[in-house]
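Given chain C, put chain S in place with the hints provided.
Here are the chains, one letter per residue:
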Amino acid sequence: MASPASATLGRKPKNKESSVMDVSKPANLAINIFFWIYSAICVIPILLVLIVSFSDEKTVLANGYSFFPHKLSLSAYDFLLNDWVNIVRSYGISIFVTIIGTAASLLIMALFAYPISRRDFKQRGTFSFIMVFTILFNAGLVPFYMMYTQYLHLQNTLLVLIAPYLVQGFFVLVMRTFFMNSVPYELIESSKIDGAGEWRIFAQIVLPLSLPVLASVGLLCTLNYWNDWYLSMLFINDNIHINIQYRMYKALQDLQFLSSNSAAYSAILRTNPDYQLPSETVRMAMAVVGIGPIIFAYPFFQRYFIEGLTVGAVKG
Amino acid sequence: MEQPVKTARLALPAAGQKQNVGYWRKYGAFYLMMTPALIFLLINNYLPMIGSVLAFKNVNYQSGVFNSPWVGWKNFEFLFSTSDAWNITKNTIIYNVVFIVLNLIFGVALALLFNSMRNPRLAKFHQTMMFLPYFLSWVIVTYLVYGFLNPEIGLLNKIILPWFGIDNAIDWYSDPKYWPFILPIVNTWKGIGYYAVFYLAAIIGIDKEYYEAATIDGASKWNQIRTITLPLLRPIVIVLTLLQVGRIFYSDFGLFYQVTRNAGALYDTTLVIDTYVYQGLIVTGDFGMSSAAGLYQAVVGFVVVFVSNLIIRKISKEDALF
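Same order as they appear, the protein sequences are chains C and S.
Mind the numbering: the first sequence is residues 1 to 316 in full-length UniProt numbering, read in order.
Mind the numbering: the second sequence is residues 1 to 322 in full-length UniProt numbering, read in order.
Hint data in this document are derived by calculation from the structure and do not stem from the laboratory.
Virtual Cβ for every residue (Gly too), placed ideally from N, Cα, C.
Watch out, some of these pointers could steer you wrong.
[What the hints assert, rightly or not] A few chain S residues facing chain C, derived, Cβ under 8 Å: (1) R25; (2) P36; (3) N44; (4) G51; (5) G64; (6) A85; (7) F131; (8) I159.
Next up, chain C with everything else stripped away, as it sits in the complex:
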């Protein structure tokens, strides 16, 4: 089923003058003004952070955050450069966890969703229920935390940043519905007659036909992994396994964290004991460093993402 949302993006009325959906000129103007204001509201906070990060610390402290910096300065980024080893490593961890997590998660969920999508598989109800029940009821934070720390001993490993999000019941249901409605059963049956096994059918027929749902669920997983700081907060307490989101969180809470492992910072302090940490602007620079990739990737992803949401909404 073609996603209706994709139609908005490139929607061109065939005949501009006579489209029934058109509104009157003044109404159109009002709507346009509204959307310019609304778009500004969405973007302005991000601009503020960006501008402050390029401002001079002293003038920021004197005049407050401002869209019109009194004095520009790169000192915040200069400071972050001292810490580049940690920042690059955190980036690396975020990227690694996101890629491995998304790939593993998609594979495991698709492998589960396929059998429960097959109407001739009698046990599909039972196994669907096993999945659905995890959406309905969860043990809560304490047993979950104890499982990972006391029994699996996964604190301070990359696995603990990947594992908890691997299987999301709701995504499995979305995939199942897509397999059921968009992969014709006749196709599966005729491949069976041609001698293909279930694995082959799954890999060569079901998956290729399901690229839209894989793309959208994959993007949702990517976003989950990339934006996660919660697992880091629960399970990571060394400085090595900190991902970029958690590093940003730490920087906002406590700026010393940024400099605690920076030899350059202590070197500056030795030669210049009066050195003032440009804390406010450094904070904002840290946020900009963290926002960076998502802002650039966003316009490309957005379309698939919206399609994905609609797949979820209309269930296939």
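Positioned in the frame of chain C, the structure of chain S alone reads:
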């Protein structure tokens, strides 16, 4: 859509003795396929459910789930004897109700306005902007909020409020009375693009002929919205709303923990069940109380989800979760 069912039935082997052997040959691969997810669910979801008994134990982290001594309902008695239980329940539910209403009103309104845009280029541009906040992590949103609310140099205290003649700085992060307004604004700002897209997709799916007929009959735009768009939007509105109602006992941890910077002074109006449970586990180390609150949330949450699913089933069977 129902076609495959019939074919599937035909494909089933005749019942009989031989079916068992055939069954494994036929469906054995399915069980192998499901094994990774099943192992995962066992470890991540089902075994911890046994750990729910922690709510009835005097939990000692060292001795673990099995060796901690039983205390019966003591943890619950403690939880409900403090004002905490009432406060976190109230906060969780009230915020969720406010969020649901705002998402509904603004989501539908935005989608309606959006659908009326004439220029497709501009429509695409605004759609990109409107959806952007949804992509940001809560950490980044916290930075943005902090840029506005920083007591000494934030945009609000330093620039915006003085415009309105309010010169004395407001200490946003230590006065709980502002947060019932701040949190809904932040939540709506971040999430509304998501809901607008859902509603928009539904609106676009409406057959254009209805509108053509209405135009011929001389119905105004407003009348068309009232008599065509809104009624046809009703099913998806109900389902999306019920899905949120089903989660009414759960909160977005990021919003309540990050955006408030977990400031203790704000707990009166910002502490929800999820942050309370986290607080008990990590900060105060009160495992028993924390488990009790977690189980209370899980059980009541389960009932709410179950009931809302029953309602969804009544309204639109395909949209029900189970």
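Have a go at the G64 of chain S hint: is there a Cβ in chain C nearer than 8 Å to its own Cβ? At about 6 Å, which falls below the 8 Å cut-off, the nearest Cβ of chain C leaves the hint on G64 of chain S intact, so it holds.
Hint I159 of chain S vs chain C: min CB-CB distance below 8 Å? holds (6 Å)
Interface hint outcome for R25 of chain S [beta carbon to chain C under 8 Å]: At about 10 Å, which exceeds the 8 Å cut-off, the nearest Cβ of chain C leaves the hint on R25 of chain S violated.
Is the hint on N44 of chain S kept, meaning its closest Cβ partner in chain C is under 8 Å away? Interface hint status for N44 of chain S: holds (6 Å vs cutoff 8 Å).
Holds or violated: G51 of chain S as interface residue toward chain C, Cβ cutoff 8 Å? holds (3 Å)
Cut-off 8 Å, beta-carbon criterion: hint that A85 of chain S touches chain C: violated (15 Å)
Would the stated hint for P36 of chain S survive a check requiring a Cβ distance to chain C of less than 8 Å? Because about 5 Å separates P36 of chain S from the closest Cβ in chain C, which is inside the 8 Å limit, the hint holds.
Minimum beta-carbon distance criterion (8 Å), F131 of chain S to chain C: holds (6 Å)
Taken one by one, the earlier hints fail for this structure at numbers 1 and 6, listed in ascending order.
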